[in-house]
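**Q** Generate the whole structure from the sequences, applying the supplied hints.
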Amino acid sequence: MVIDKIKKRIEYEEDSTEKEHRSDIPVGMWVKCSKCKEILYKDDLHKNYSICPNCGNHFRLSSRRRVDQIIDKGTFEEFDLNVTTDNPLHMDDYVKKLETLREKTGLDEAVKCGIGNINSEKVVLCVMDSNFMMGSMGKVVGEKIAYSIEKAIELKLPVIIFCASGGARMQEGIVSLMQMAKTSAAVKKLHKEGLLYISVLTDPTYGGVTASFASLGDIILAEPNAMIGFAGPRVIKQTIGQDLPEGFQTAEFLLEHGFVDKVVNRKDMKETLYKLLILSK
Amino acid sequence: MRRLAKVTAWERVKIAREADRPTALDYIENIFDEFIELHGDRYFKDDKSIVCGLGNIGKQNYTIIGEQKGRNTKENIERNFGMPNPEAYRKALRFMKQSEKFGRPVITFIDTKGAYPGLGAEERGQGEAIARNLMEMSDLKVPIIAIVIGEGSSGGALAIGVGDRVLMLENAVYSILSPEGYASILWKDSTRAEEAAEKMKLTAKDLLDLGVIDEVLKEPNGNAKTDIVKMSETIKKKIVALTKELQGIDVDELVEKRYNKFRNM
Ligand SMILES: [Zn+2]
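Protein chains in written order, with the numbering used here: chain A, 478 to 758; chain B, 151 to 415.
Some clues are possibly wrong.
Stated by the list, open to error - Restricting the straight-line Cα-Cα distance to at most 25 Å, the calculated cross-link-like pairs of lysine-lysine (BS3-like) are:
# : chain 1 : residue 1 : chain 2 : residue 2
1 : A       : Lys573    : B       : Lys338
2 : A       : Lys573    : B       : Lys349
3 : A       : Lys669    : B       : Lys247
Don't read these hints as lab results, they were simulated from the structure.
**A** Next up, the structure:
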């Protein structure tokens, strides 16, 4: 049966971390929506901002696609930053794992940073990518975020950060923890300069990223249904010994509790950001 | 220092967790001439997993903040086993900002298994509370001395740890996560905690070598609990000396140095 073949292919693709990055290569043309289970033609999905046309589920987005959706065509210039991790805990397979991932994803790390235009408004943009070690923050990510903010101060530009992260990167231990202090301090400098910082929380935003720059925007937006929190649901469930309520830690939950300014559909994200840029001038 | 090298990381984790290990209040009572505890975050409640207050050593006044584990079961329940909810961090921040107004240096004592992972904590913005403390501490216009006295685990520890000087007691540990949690995330096996502890660079000496902390304070007889008075004396001397040193630095320069300290990590 054709559908079985498709299913097999989809299962294979779901295993692969590169699926989103390679999704414009017409090998696997089908993808299953994790929410409504509808099988979708990838081209249709991508034309629809990677939002499920059937149920509105926002698929996780690669940083490359995110930049394409937010920044005026041809205006994005990525910062050329030559930083590498020191592998502070001397983890045996860590450096090799990074190399393999770089090859597979075409990304150098879990965040892409640069300058570009939103309807001709110049901004510093950082986009985290969950395809790269679940967007976890180690020294390189911390460094790139801090550098981007300092660059924005130098050039007197607003900063927009799209967050997508499982939290601090375990492989770098305490050094990852210190990136929380580093990035939060950089945000403080930006605020003191009177420059706008918009943080956009996307699925997933957790741990050390939530507990640092992600939560410190002048304005905090979130994508529908994004999972956002400090502690992971599994840890909370273990700690309290009961099931978590429906909708716990979703973007809408954070909006209700006053920790998000606005939940914005991806299709409206660029226009919303543009308006906020203009209204903050 | 020979003995220091012989104790394994896992042994230190166990010492740092001993039920009778001196807590923040034990040290505070011994170090400061006066201490008045003050309560509440002014928004939600008084979270007893962090104690805050004013104190002095001679003519020098201080703002004092400490993560406080219980000294018995009843106290531990009251203090949520030293695991702060957001309101604890907001209380700490309130006193830090107040210290600016009166030019009081801030002393923090770090001792927690981590920020509490609960429903209410998430509803009230645990991440936001920690983030805000990190941000505001980076720019606080008074000297900050942070001392890890027991377990310093995760963002829950760092949330009161952005200091001009960060010190650790000889057997204290400071890490991204507990060794159990680390092993369970990285190797899907929490029983490999001992192995994780050796790998994580969580001892005072390891962190000194990494440049994450500034100084290790020796514990009397290899364990602080054997002589709380002597341990307190060691900490007190250090606080007095560092206060003098940090007060000698122009405030803007102090803040810039603190920024660069964490910027370069
Ligand atoms: Zn769907």
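**Q** With reference to the structure, classify each hint as holding or not holding.
**A** Hints versus structure:
no., hint, in the structure
1, A:Lys573 with B:Lys338, "holds (20 Å)"
2, A:Lys573 with B:Lys349, "holds (18 Å)"
3, A:Lys669 with B:Lys247, "holds (16 Å)"
This entry satisfies every hint, going by the numbered hints stated previously.
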